[in-house]
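Construct the complete structure from the given sequences, taking the supplied hints into account.
Here's the letter readout for the chains.
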Amino acid sequence: MKPAPFEYHAPTDLGEAVRLLAALGEHGRLLAGGQSLMPMLNLRLARPEAIVDLNRITALAYHRLDDETLVIGALCRQREIERDKEVLARCAAIADAIPLIGHIGIRNRGTVVGSLAHADPSAEWPVLAVLLDATLEVEGVAGRRSIAAQDFFKGLFATDLRPGELVVEARFPLPPAGAGSAFIEVARRHGDFALGAAAAVVELAADGSVAAARLALGGFDSVPVRATPDPAAAAADVHPVDDVHAPAGYRRKLAETLARRALHLAEQRARKAGR
Amino acid sequence: MKEVDVRLTVNGRECTARCEPRTTLADFLRGHLGLTGTHLGCEHGVCGACTVLLDGATARSCLMLAVQGQGHEVTTIEGLGTPENPHPLMRAFSEMHGLQCGFCTPGFILSAHEYLRENPRPDRQAMRKDLSGNICRCTGYVKIFAAVERAAELMAEPEAARS
Amino acid sequence: MTWVGQRVARKEDLPLVTGTGTYVPDFNLPGTLEVAFVRSPLAHARILSIDTAEALSAEGVVAIYTGPDIRDQVHALVLDQEAAPPGLETAAPEIYPATIEILADAEVRHVGQAVAAVVADSRYHAEDAAELVRIDYDELRAALDPEQARLPGAPIVFDNVPNNVQARYRIRVGDADAALDGAEHRLAMKIRSQRVMAAPMETRGVLASTVGEETTVWSSTQIPWAVRNSIAGAIGVPQRQIRVKIPHMGGGFGQKVNVYPEEVLVTYISRALHRPVRWVEDRVENMIASGHARDQLHNVEAAFDGEGHITAIRDRFVLDSGVACPYPLSSAYNVASHFRSMYRIANFSIDAECVLTHKMFNLPYRGAGRPEAAFVMDRVINAVAQELSLDPAEVIMRNLIADEEQPYRMGMPYRDGHEVVYDASGFPAAFERLLELIGYAEHRRTQTQLRAQGIHRGIGLGTYVEGTGVGPFESGQVHVDAQGHVVVYSGCAPHGQGLDTTMSQVVADAFGITPEEVVFRAGDTALLPYGVGTFASRSVVTAGAAIIESSNRLLKRIKAIAGEMLEMAPEDLEVGAGRVRVRGVPSRGVSFKEVYRAASPGPGARLPEGMDPGTAERFYWVPPTVTWGFGVVGAVVDVDPETGVVDVRKVVMLHDCGRVINPLIVEGQIEGGLVQGIGATLYEHVIYDESGQPRATTFLDYLLPTSAEVPEIIQEHLVGTPSDRNPLGVKGVGESGPISPPAAIANAVIDALSPLKIQLNELPLSPATVAAAIWRAGG
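Protein chains in written order, with the numbering used here: chain X, 1 to 275; chain R, 276 to 438; chain P, 439 to 1217.
Calculated cross-link-like contacts (lysine-lysine; reagent style DSSO-like; alpha-carbon spacing at most 30 angstroms): (1) Lys449/P to Lys994/P; (2) Lys404/R to Lys85/X; (3) Lys1088/P to Lys404/R; (4) Lys404/R to Lys272/X; (5) Lys253/X to Lys1088/P.
Pulled from the structure, derived: some chain X residues nowhere near chain R, Cβ distances all over 10 angstroms: (6) Arg64; (7) Thr69; (8) Pro173; (9) Ala177; (10) Leu204; (11) Ala205; (12) Val244; (13) Ala248; (14) Arg269.
Rather than coming from a laboratory, the hints here were simulated on the basis of the structure. None of the values given here were measured: they were computed from a predicted structure. Positions of the beta carbon are idealized from the N, C-alpha and C atoms, including for glycine.
Below is the structure:
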């Protein structure tokens, strides 16, 4: 299982990367963490003529908390978020989700932005992006544009990125202080892609009733779905199909169960925060 | 296919060789540098047998290109200890029978090394999750946990007490 | 100080923990060429044409071989290695030879079958060129369902196997038909053990290097002599020109018990090109072109009385063999001989068929029919309990063979032709101890309350017996060498089970030295003319017996020689610390080195009258029959009834493996086996789709248990019964672990949800499967 031959480029700044991508068009693939692309190269499921390796563009290796927004550069490794206690404290859904992503060796190299750009509907970051209304900052020869998460994911492994574009940054508005959030999933084994995942944010009003609730579901459709924050309605918002791991009927029920549990846990955490 | 020069620091030494850019770091270490302790169990990043340390953090070398290693420090199992001077993890794995066929063992030892660096007092429940990136088909993991716990004891001993 | 019985750390470990071992992929013979195979993308097709012209001109390519290229020089492997032995006539076995082609010639018969071999200067270049080989296929109908494949009109896999039934047998003990007809209660169940695979962490691999007429073949194989013999036969050379030697091996579990096409072909190519040639299997290849396993569908009926005594079992099953069943009596017949386990069931009828289909062939995998049999038997016991509203533990107890009934005769032969007579006892006591250790009574007391709190916890039980140490024989040689070292040659083929250490412990005790001082070599056809290998939980029994017999003969020899040197009677001599000494006068003695010199041929030899020179003794041990281990297993699980997720919290296992040479190694075997059992119960599944395409081709689809899936494991070795069927009193233990988990865990899930009375008769117990069972039951 060895990759097919390719030309290799390792630009050192973003401008160079953009120019390369523009010149290569469909023939170039971006390589960041490599945890998704390299298996495909090794299996010869992907055979790009050229690889553009972003890892030398160290200017993209950052993340920071700007007021209420978690800003993540394209080369920020997942493990760096996992280690940021402040981020984890600010958003329980992120704290819940990261340890479920593969394994430590994968999170050491894998990037948050890479996971978003790969757009596997069973992956955790796309669900978080849709839950938190993230925006993706995209760079191309035509300049920069921002894409809302819900517009970014188009289908199975498909995004709104045009040839020659790359995601340089992801911006996650964090839930307001006092809100509760949660991320839960059912996977066959620890670290596997989810059979189904649900993430929720719940804000309480002064009188303790639910003022606002958000829900995102992953692994049920070809994209992560922002669902109605009500278990039965949420299940109707997704249209799972049969696959190797589970029949559609199972996933439909799972959607309702996980939606209920995620909303409940988020609400419990909001109550705890309120006290 | 055109070859490129690859210059890596491996186990503290600078190594140079020529290879095609598509050559994985694992194949470069094994084939070009003769460091065959890093094993290939799946070549798609699941089994962890190819685990090395990249600047001290575990990485699956089957999911990296050799050229990507330039400018970084790679540590393989051979860099952690030798038959003449085995690392305490190596001694602990043997003492506690944390290996049977040995194929997954180098990768496991490097993952355990990273785990113990961050958790010098290991917790078995946490270990189950933190070591789940390496697959073993022989041991059922129970004695691997015991080996990691034993290694922590050995590594906590003062230098002079270790024989 | 005796070494046998001690928790000795293994001699094997230093190269393995330091990464300085040599597995097949690690060899560095200058000039080694690497092979990549072109494999069939179709389940069944005629090959119309193969064009290798473009591939041959690709960078780094040295040669390409196709079926027509080698047709006259390399023969297919025709396997009739499990012809029924004498004594098996009552089973009325009908076995047709299986065929394994080296390279497909006219037809491909499963996805993954090798069609062409590309030889190049690197695996990278070989794979590039493999993509350039153009093959024209005419797709044919494929037989994919074994129940259908045996019916007239189904596509035929091999012409010499009528109706695709490669093997069948039947066993009749008592009269199950009559017992069922007259039974107070009856039940019928359909129970499936899914297709799985061994998935050792090291895939297969073979390296062949030819100098002059002789080729050395390093292969990751559990049966070196069979590989040597088959390669020589297939390429038409005398056996003496082929040497097979096992290097370090990364596991086998039965998948490497077979002579594979690649071993034959790589040897042939090395001899043709006079270069070292290597093929390292990648993981996708291992998933589709190394032996699959299990895949049995049982239709079972049971007769029982109102107390839960089972009076009859009638079972019919089909084993999906894929394109060939190389060992039709192993997995399939082991089902019959292990089915009734520790239970007293007087009437037993079983009919088995190994049916060919257009899938990868089916090999015995750790347990080899025993897990499949145990799953059926212990699901039946559980169903009987459910039907009568009795506790499953009670039903088990009522059916257990009592000590007074031992040695129990099962009324049928083992696959070696000898009658099954248990040489193990203490079943009820072991079972009581299991219930105690697992907290069964406490569980019953608290279960309802836990359920009210939303915790659905269950305990499930299983029992097994294990015939170990099967023949036909094993070889051993022990000698003293010029350095005075004690050197052991063995016909076993260790691949992780620590046989160097355990056998050295035995030899160390015999010669009064330390295990570290024993030199142990195994799995090399140049060292012994005959040998078998390591599989079927046999090596400690068979290799151990050959080694202790050789040792005893060698001790006699060297004492006789030393007696000659010391002018003492051999009975007055003893061994210790590498010397032969006068008992009571340890200062008077000779070293092993001196004995070696004295025994060397020539005028200076000092040998007793009539004794030939040398300090070596060899022995081939033929077992009288298998020796029976047994065990009892309990699993504690929590089930999430909404998602079907099963959390195995604890597994308790008590087992009798006879005399224990190294408890550390036995523990490791049990733990590893149990976790493989958990894998087969909850996660692993080799799936083929409707067009015969394998759907589990990577570790992303074929799910192996990780450390996060391991429960608390408690094991206890029963003092039990040392075997009297071999000189060491040992029993095999390699396959004990995976036998009972499927039954124990399935029964535990059912217990966790006992008000619903669900049925779980199909593996794996994925969340979707468990959830479906819950919904079917109205939960």
